[in-house]
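Sequence lines, in order, name chains A, B and C.
Residue -7 is where the first sequence starts when you use the working numbering, and the numbers rise one by one after that.
Residue 367 is where the second sequence starts when you use the working numbering, and the numbers rise one by one after that.
Residue 128 is where the third sequence starts when you use the working numbering, and the numbers rise one by one after that.
These are computed hints drawn from the structure, not numbers from a lab.
These numbers come from a predicted model, not from an experiment.
One should not assume that every hint holds.
[What the hints assert, rightly or not] The list that follows gives simulated cross-link-like pairs (lysine to aspartate or glutamate, DMTMM-like), each with its CA atoms no further than 20 Å apart: (1) B/Lys460 <-> A/Asp307; (2) B/Lys430 <-> A/Asp306; (3) A/Lys337 <-> C/Asp274; (4) A/Lys278 <-> A/Asp306; (5) A/Lys236 <-> A/Glu177; (6) C/Lys213 <-> A/Asp306; (7) C/Lys213 <-> A/Asp307; (8) C/Lys208 <-> A/Asp306; (9) A/Lys337 <-> C/Asp212; (10) C/Lys306 <-> C/Asp274; (11) C/Lys293 <-> B/Asp500; (12) A/Lys271 <-> C/Asp274; (13) A/Lys201 <-> A/Asp213.
[Unchecked claim] Quick list of simulated restraints, FRET-style, between CB atoms: (14) C/Asp211 <-> A/Asp343: 18 to 28 Å; (15) A/Gln365 <-> C/Gly161: 23 to 33 Å; (16) A/Ala21 <-> B/Glu582: 29 to 39 Å; (17) A/Lys278 <-> C/Asp211: 21 to 31 Å; (18) A/Gly339 <-> C/Gly161: 21 to 31 Å.
We treat Cβ as the ideally placed atom computed from N, Cα and C, and that holds for glycine.
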Amino acid sequence: MPRAARVLALAGVLACAAPALAQPLPPLAGGAATAPASDEERRLWANADEASEILARSGRVLDDPALTAYVQRVADRLFPEFKGHVRVHILKAQSLNAFALPNGNIYLHEGMLARFRNESQLAALLGHEGIHFVDRHSLQEIEHGKSTAALGTVLAVVGTPVVGLAANVLVMSSVTGYSRELEAEADELGYKRLVAAGYDPREAPKLFKLMMDEVKASGADEPFFFSTHPALQDRYDNYLRLSKDAPAPKEPPPDHYLATFADLRLASLKAEVSMARCKQVIALLKEPERRSDYPPYVDYYLGEAYRQRGDKGDDELTKAAYLKAIAAAPGFAPAHRALGMQLLKAGAYDDAIRELEKYLALAQGASDRAYAQMYLEEARKRKDQGRKGK
Amino acid sequence: MRRLALWIVLLVPLAAAAQTYTYLDQSLRNGGRPVATALLIAPDVSVSEISAGGVVEKIPEWSKQAAANIDSALRRIGRGGKLELSDPPQLNEKEQHALEQHVALYGVVALQVHRNSLAGGEIWAKRLTSGLTDYTVGPGLAFLADRTGADTALVMIARDAESSGGRKAVMVLGALFGVGLAGGNAFAVAGLIDLRSGRLLWQSYDSSITSDLRVEADAGKLVEGLFASYPAAAGAK
Amino acid sequence: MKRLLALLAMTALLGGCATYELTGAGRTAMIDQGYSVELPQNWVRLSADSKRVIVTRDGFGLQRIMITRAEAKDAFPKIKKQADDKLLASELAELQIAELKSSGAPNLTVVENLPARIGGRIGFRLRIRLLNNDGLAFDQVWCGVLDKGHYYLISFHAPELYYFDKYLPDFDRTLASFKLT
């Protein structure tokens, strides 16, 4: 179903019980007093706990203590009085998204983390998400989000059916988002936290601009809140307004973001290629600023994306990208295999043999040797057949 | 023991004439020695409320009450002589994980037995009594038999959905999902697993339209219903 | 809502409203699907579906062998890609992995990915692992091949604990008997 239709379908169901105005609630107190204040809120947290357990059990949470500690440290800097209550996790998911559950668990998609260029951008997003928890936005809106139509879209988050309130909690926080007013409140109050923690507030609109541009360029249809243009446009507009005339911070915290997340960035790119998300990969790697965040052989992944896209003229773009990767990193084996396969398909058997032999020499323990060996034998056979035919 | 996520789908019961069934392994069918001892794996019980919008919301305090009721009812069955129940021993992390994995596999096995018993038609009805089936969790829990001397593990799953807003749960579910509902809003399934071989020896299912598992008497009645088919040793009540 | 009903329809299909038959000895000819195969004897086949072969011994959640055929242009609907003769076997496998990841299993692990001869033609054999919501691992083998504009998939699904290794030989025998007609 196209995203627009999905959103409309959800909106239609949610509108059945939509409130005229969300009832404002005092924010959570912080410290030892951070606890549900009513039976309804206790149940909401319990259902959020269930959603969290399912995410953890089904292998979707990244088990990387160093990276998790890094993002947690940023959250603790933003929300010091909620240390131990705001708990950040990284989800093994490549789409652009992040969400907070009513129990204080915040989930950042790998795909989102792969796009940040500095710690201030991470802090901008965590600041926004943390406010959804602190200001109890789920409780304000969950009655109106209780809809069975939510089930289908939860598949996109966890991959298997989750039913009941746990599902609604997941969908509201990660897919539909909250009301415009509450999202704006998360921007405003999150921004204040960003500044108070010493981060550079001018990075916030930059982040959302880059994401908007990428979503537009890829033209991909994603269900998640942070993957949709209207949500990103609102964030960009709000943060631009808030940070207008903001000075650079006097003593920003040291920023090791790019170096720390280098491996995750590459893993995310590989995962995107493995899911044939070629539009997203092409949109991402077209940005010169972003390309420099990847290893020198990054054009191999661009080549893979062009090959998967398979539009008219993509054969040439594919080959050119592989050659560029090889020129930048001659020892990077996969580029030789990929080029060898392209050459085999194009009937350039001598060149294919050269590249596949190089690959097999470079990648002694590769799991796909059987394929490469088979293609090498095929190229040799066809070359011989060509010779005999003369 | 954590809750099995898989069984939430059974809050939409399959359309079927029967609301109960019992599965018996061939070894017990053919007059084999009935089981005498079982480790009682903490029952997996949850009570939910169906909201006005038809969404199933787990209520922790209700679930805790229902779990306590089910546990009491099971121990009463144990004291009655049908089956000697004991608690599992303290386990280390690796052993706990192994137990959870095997119980999770039981959840899958039990769901197949359930589906095939209630809605499998003649083919499955014959097969379930033919001795041809392979319902097992494998031999990975034999360490528990070695450690405790128990023959089997008793696993129990119970779910209850109470409607809110005065609407009958059955009608809400039926109207939303367009399936004819023969089952009730509460069900329980109990299974006995041979600790050494892993074979499923016995599984019993019962459902009720009127049970409220938060009420001790209702929980007791449902558990008694399950164990009515239990092949106890001679002389047991 | 539609997705929920589809999920329940599947539940019903595999349970309440389905019809079953027992598999016998000899070849099962799927003439209009372009293949024949020897299925494990005395297994249970879902007979309502005439275009696909879906068989189990104890229940579809415990072991399931499935054979399907799609038009090459409809081979990968989730990722909106087609299969064509120019694709190498590893590229076909790559698209199948992407399709599975986009079909509700984004975090599957590829345990094995090898070229394989299927029905006399070169295709692929994948083994993947997924976890259900209770953290239980399920393994699947997916064997795919293209022939005359059709994409054939022969798959096996079982919990990794006990069932996969026990019934994999039945799947391998079925796979070995698969003949394109």
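Going down the list of hints, with the structure as the test:
1. Straight-line distance between C-alpha atoms of B/Lys460 and A/Asp307 comes to about 51 Å, which puts the hinted pair past the 20 Å bound.
2. This hinted pair does not check out: B/Lys430 and A/Asp306 have alpha carbons roughly 60 Å apart, beyond 20 Å.
3. For a cut-off of 20 Å, the pair hint linking A/Lys337 to C/Asp274 stands: about 18 Å separates their Cα positions.
4. For the hint pairing A/Lys278 with A/Asp306, the CA-to-CA distance comes to about 15 Å; that is within 20 Å, so the pair holds.
5. Proximity of A/Lys236 to A/Glu177 is assessed by CA-CA distance (about 17 Å); at most 20 Å being required, the pair is judged to hold.
6. Between the alpha carbons of C/Lys213 and A/Asp306 the distance comes to roughly 14 Å, so the proposed pair stays at or under 20 Å and holds.
7. Only pairs whose Cα atoms come within 20 Å are accepted, and C/Lys213 paired with A/Asp307 is accepted, the gap being roughly 12 Å.
8. A threshold of 20 Å between alpha carbons decides the hint, and for C/Lys208 with A/Asp306 the separation of about 15 Å falls inside it, so the pair holds.
9. Distance check on the hinted pair: A/Lys337 and C/Asp212 sit about 11 Å apart at the alpha-carbon level, within 20 Å; holds.
10. Distance restraint check for C/Lys306 and C/Asp274: the Cα-Cα separation of roughly 11 Å lies within the 20 Å cut-off, and the hinted pair is therefore satisfied.
11. A distance of roughly 10 Å separates the Cα atoms of C/Lys293 and B/Asp500; the hinted pair therefore holds under the 20 Å criterion.
12. Only pairs whose Cα atoms come within 20 Å are accepted, and A/Lys271 paired with C/Asp274 is rejected, the gap being roughly 29 Å.
13. With a C-alpha separation of about 18 Å, the suggested pair A/Lys201 and A/Asp213 falls inside the 20 Å cut-off, and the hint holds.
14. Look at C/Asp211 against A/Asp343: about 23 Å separates their beta carbons, and that is inside 18 to 28 Å.
15. For the hinted restraint 23 to 33 Å between A/Gln365 and C/Gly161, the CB-CB distance of approximately 30 Å keeps it satisfied.
16. Checked against the hint of 29 to 39 Å, the pair A/Ala21 and B/Glu582 passes, with Cβ atoms roughly 38 Å apart.
17. Taking the beta carbon of each, A/Lys278 and C/Asp211 are about 27 Å apart, inside 21 to 31 Å as hinted.
18. Look at A/Gly339 against C/Gly161: about 29 Å separates their beta carbons, and that is inside 21 to 31 Å.
Checked against the numbered hints above, the structure breaks hints 1, 2 and 12 and satisfies the rest.
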